[in-house]
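Visitor: Go by the hints and put chains B, C and D with the ligands onto chain A.
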Amino acid sequence: MANNTNSANKPVDFKKKHSKEEMKQQVITFALMIMFTLVAFGLVLAEVTSFFVIPILIILAIVQVLFQLYYFMHMKNKGHSMVSVMMFGGISIGILTIITFTTIIWW
Amino acid sequence: MSTALAQKRGLGAAIWDYLTTVDHKKIAQLYLVSGGIFFLIGGLEAMLIRIQLMQPNSDFISAGLYNEMITMHGTTMIFLAAMPLIFALMNAVVPLQIGARDVAFPFLNSLGFWLFLAGGLILNCSWFLGGAPDAGWTAYAPLSATSPGHGVDYYVIGLQISGAGTLIGGINFLVTIVNMRAPGMSYMRMPLFTWASFVTSNLILFAFPALTVGLFLLMFDRMFGSAFFDVGLGGNAIIWEHLFWIFGHPEVYILILPVFGAFSDIFSTFSTKRLFGYSAMVFATVLIGFLGFMVWAHHMFTTGLGPVANSIFAVSTMAIAVPTGIKIFNWLFTMWGGKIRMTSAMLWSIAFIPTFTIGGMTGVMLAAAAADYQYHDTYFVVAHFHYVIVGGVVFGFFAALHYWWPKMFGKVLNEKLGKLAFWPFFIGFHLTFFIQHFLGLMGMPRRYWTYQEGQGLDLGNLISTVGAFLMAIGTLIFVYNVIYTAMKEKKVSGDPWDGRTLEWSIPSPPPFYNFKQTPLVRGLDPLWIEKQDGKTGMTPAEPLGDIHMPNGSFLPFLMSLGLFIAGFGFIYQVDHKGWLALVFIGMGITLGSMLTRSLKDDLGYHVHKEELEEGGGNHES
Amino acid sequence: MKGWMGKFRMLFLFGALSLILSGCGVDNISALKPEGYGSELLFDLMLISIAIMLFVFVIVMAIYTFVIIRYRQKKGQEDYIPKQTEGNKALEIIWTVIPIILLLVLAVPTVQATFDLADNSGSEEEGAINIEVTGNQYWWHFNYKGQEISTSQDLYIPKDKRVHLTMKSTDVIHSFWVPSIAGKMDTNPGDNQNTMSLEAYEEGEYLGQCAELCGPSHSLMDFRVIAVSQEEFDQWVEDMKNVDPEAQPESDVAREGQELFNNNCMSCHAIGSAPAGVGPNMTNFANRSKIAGILDPTKENLVDWIVHPDEIKPGNQMPSNLVNEDEAEKIAEYLLQLDHTDVTPESAEQN
Amino acid sequence: MSHDDVLNPKEMPHEPEKATHEGQNKFLGFWFFLGGETVLFASLFGTYLALNESNAQDPTRSEMFGLELVFIMTMLLLTSSLTSVYAMYHMKNNDFKKMQTWLAITVFLGLGFLGFEIYEFTHYIHEYEFTFQSSAMGSAFYTLVGFHGGHVLFGLLWITSLMLRNAKRGLNLYNAPKFYVASLYWHFIDVVWVFIFTVVYLMGKVG
Ligand code: HEA
Ligand code: HEA
Ligand code: CUA
Ligand SMILES: [Cu+2]
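Chains as they are written, first to last, in the numbering used here: chain A, 23 to 129; chain B, 371 to 991; chain C, 6 to 356; chain D, -3 to 203.
To be clear, the hints were calculated from the coordinates, so they are not data collected in a lab.
The reader is advised that the hints may include incorrect statements.
Stated by the list, open to error - Computed from the model, here is a short list of chain A residues facing chain B with C-beta under 7 Å:
{"id": "1", "residue": "Val85"}
{"id": "2", "residue": "Leu88"}
{"id": "3", "residue": "Thr124"}
{"id": "4", "residue": "Ile126"}
{"id": "5", "residue": "Ile127"}
As the list claims (entries may be wrong) - Stretch by stretch, here's where chain D covers chain B in the computed footprint (C-beta under 8 Å, at least three residues):
{"id": "6", "region": "536 to 543"}
{"id": "7", "region": "583 to 595"}
{"id": "8", "region": "967 to 973"}
Idealized CB from N, CA, C, for every residue including glycine.
With the rest of the complex left out, here is chain A:
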């Protein structure tokens, strides 16, 4: 088996650059995610009133997850339209499920 690791790939310079660009975005994403996590933990440790904190926590989580999906998992890229349809399908059903379970399990 030949080792492909360093085979000549001349024509892909442009693409390489593109990947680099993307990589930069991903690192920024990562930094933001770490920041959000810190904020979230910080808020809880600071014992802000729960009425206030919980929505913020949830929003922070959602933003983080969107970062993961769009940047780390490339959902922002071309060729992901069907992917988006499916993921959002799953997400909306998931949300519906969770709403149910927090409202009409006990009454």
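Guide: Frame of chain A, contents of chains B, C and D with the ligands only:
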């Protein structure tokens, strides 16, 4: 691996061929046969139910056995008969309708089938190993969580395994339909059966995980001492109801949508007309699928969710009548102005319209939340769902089988026998179930082992049982027809019905690579378009070239076998930890096979151009 | 005709429809012969929905019949190719909009009825009757809140009065259903308690059933709702409050029976207003309309039951062969003289 | 495309994971699978949220949960997400060695996460006698977090076996989609974890 062996003739080789096949057409046959057998078993259970209820205070079967009977009847019919029959149709037809040589994941396709079969066999083993599940097909906790014996364990494990198979099958068809369409086959040119399969696969993808979770919770409660449904430790039985119905309601649309699709194709073909309102039909299919996820709590109106939740779910349920109505009227207007050929397939389809309409309308009546306080868990509900399931799904299977039989097996099912089977089944069906609406309203709850004299229920139940016997006769005639056709009927051409869609442009049964050259699709009803232009077949979209085919594999069978063995281990480890050995052996086989699969390069093989020119790659046939 | 739907009911079809439907079934059992507030409200709702459905069905069938007669292939048509119509916007809009309107017509009374039946505000009022219903495998227990009255299997209520129920279960889910006077409601285990109300318009003995699969004897979990006049009900309450659980029976046999009963059965059963036990409360047993919900109240049946409860109601919680047949006879003698009041199911029929 | 082109491509395309038909199918199929997994985890979250106050005799969430460990675990998993991004970056640049290295780091971080999780569970069991069987909340907690842990374990096994299997073969069009899909899986695990630390731990602490 299979190709080399399959060339050797003989029974052994044939069996080996089916055990290792990844050809969607053969998998369709496997689904058809096993689904058909399970339908007969489920039907036999239905007959025992009806015999027990023929007269008041009867003890033809005991109370405990009766509960096992209804549970297994419901579970078998839904999961082991209707689901595989749907997959049989999808496998047989979808790739052909979109001009594909294969499905996206041939290996997973066969894995899906074997998992389903393993699950179904486990479930039915319960009859011989100490008793079947007895908590209803809905398995409401805590009855199911506390039911003695191993019956419900079989339910949990069997459904978990076959459910995994279904999920795999669903994903396979999603990707197949998205990625494998022939050039020119845009979404808005796909035949409705393919559209319906697409939406159904979506429903499978999003609905089955809820069941998976529910089954896990029940399994943990029964086998590992958790407390999800144990109110003593803070558990909550309503969780099961929600999880089951979040799955269960979409499930009924999973069943009905593909046959809606089949009916669309049949009405159009046998009226020699383009489908009326194609885009509205597509839209309605998608909308039904979408709304199907927002209505589940209509099964729980009497659970006590409160008037707000009940009202919301009532109204959203009623909304489904609108897209379904669009479909009914579009079918009627497809026939309007057409040239209706009354073949057996068409006969079943024609019978479907009024039957299903009645079933749908009783559905809307059930959806009136408050009124459901009277209907719920009575024979009115039983009547409703048999009208939609038998009158919709089963009629649909009969229609679709008559329609696609020549494509699957190269022979047209005998028309005389086809009609002979129809009449007793149709009449028997209405005899059995129409009267049940009234039985329910007159105060007969469902899942009743017996009823007391003097409640005015005797005559109705007797009529119902007589009807069931007629249905059995109809079914048996159909089975006879299958055998008769296989022995006596002659081979037909690839296009016996003057078809309109791609599957009729290739020989019957199709060669294992389906299309020698991928066809070029120029519009809706592509074959019809070509015929109108005076051509006999499709214009190819590519020159003749090598065809890439996947290798057969024994691994799917092995993986399922492993889970089959492990399933028994899980069930019996409650009694004695020694049974855990089976879990390890079984999981070992499964994981070992998975590892083998991922370690080996499996690139498939090519059918060469030269072979194709000679009249088509005689690897098989 | 009580309630907002009175006017509707006057309308055309309805009279005829309800006449035909109420020809079905047996009095005091059938949901089609409403004799109480809930069932009548629901019957009206059913009639509205049936009328809408019939309307739709007639239209569908008219088109259907026309199409399959008119457009069947005729001789000599083999080569005829029909016009390939794509669709028709106007038609498609019609059959989208009309169903929407029909459904709205149905949805409004549905929502009204749903809220109406969920309205439990009366339970707080002075003099309201609140009863706690408990479902058990396979019997029902009724506890009159604030009154210290416990009964099993037979539920006495005054006629023409809204009675408020809170419902729970001690084991699996059951569903409390009295078709001819009200809809049904599940009894859930744990804290998930439901409420509903009952109101009977006529005196009578109404059949109640369990409507949620709860085990092998699910179909044998019958009970009775006995609606009597207000005076009779007051009398009954009075009598039930004054039950003396230890009262000595008159005959010797019965006294022996009492002894045996106290020794063998009291661990699960109770007499008087004791809180719900493992088994039904035996107060006023002599006036039960059925034994264990399904057997005629004869002595043979009772003895049969005491010795082999399992053969009669498979899977029920009462052990068989606790006592032998002789002893059972004596116990039966005792139980059948537990007549604590003159208000009986027969009182409900005297009208 | 001949087999040779697949196993020994003369030239690696920019997105090797989608260069073959099989690769495209795998890519899409796996995303669909993740859509299904979303519903699966939503059901588990729902169950947990419904039962998170049904702790019977067990201590409440805020009495039990500690945040330090969870914080470390979160950091480990988040970082591993980034490292797997690096791995994919090098895959796109056709640098097999670097890809393997970054994957190894990912696995390493994942192992760390799993180790802490196991420690955490045993801690709860020994310290508070809070088990899978002690209350409905216990069942729901261990099921939700355990399902996630199981996914982590499976992801580790998967990535490791891919690394080992292809160590000698290098990158090609047959295995590139496999690597890509495994990395998607790994990200998805992280997505789920974000909700777990938010919903279970942080919100549990807040009460
Ligand atoms: C193939 C399966 C299938 C299908 C298609 C349906 C379709 C529908 N079902 Fe049914 N249903 C079941 C299978 C199915 N059901 C099963 C198995 C159960 C019982 C499960 C169990 O408990 O074991 C059940 C139970 C069930 C219940 C719960 C009853 C109870 O337990 O108390 C309800 C309540 O709302 C309901 C409603 C409906 C509705 C509104 C539709 C609608 O989709 C119907 C829509 C169709 C039409 C309405 C007809 C055509 C329309 C027109 C001609 C247009 C004009 C019409 C109007 C304006 C009304 N169904
Ligand atoms: C796809 C779904 C499906 C189908 C097709 C059917 C088909 C039939 N069902 Fe039903 N049924 C359900 C799904 C289905 N059912 C479900 C989900 C329930 C609820 C279960 C529950 O409460 O949990 C139910 C419940 C149910 C009940 C209510 C039981 C109760 O509540 O107590 C009844 C009673 O009449 C009944 C009858 C029938 C009959 C007579 C048929 C007939 O149409 C059957 C026709 C077929 C045959 C008659 C087979 C003929 C062949 C032979 C007899 C030969 C056999 C030979 C060999 C095996 C070699 N079914
Ligand atoms: Cu209680 Cu059925
Ligand atoms: Cu439903």
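Visitor: Each hint: holds or not?
Guide: Structure-based check of all given hints:
no. : hint       : result
1   : Val85      : violated, 24 Å
2   : Leu88      : violated, 20 Å
3   : Thr124     : violated, 11 Å
4   : Ile126     : holds, 5 Å
5   : Ile127     : holds, 5 Å
6   : 536 to 543 : holds (count 3)
7   : 583 to 595 : holds (count 8)
8   : 967 to 973 : holds (count 4)
In this structure, the earlier hints numbered 1, 2, 3 are contradicted, and the remaining ones agree with it.
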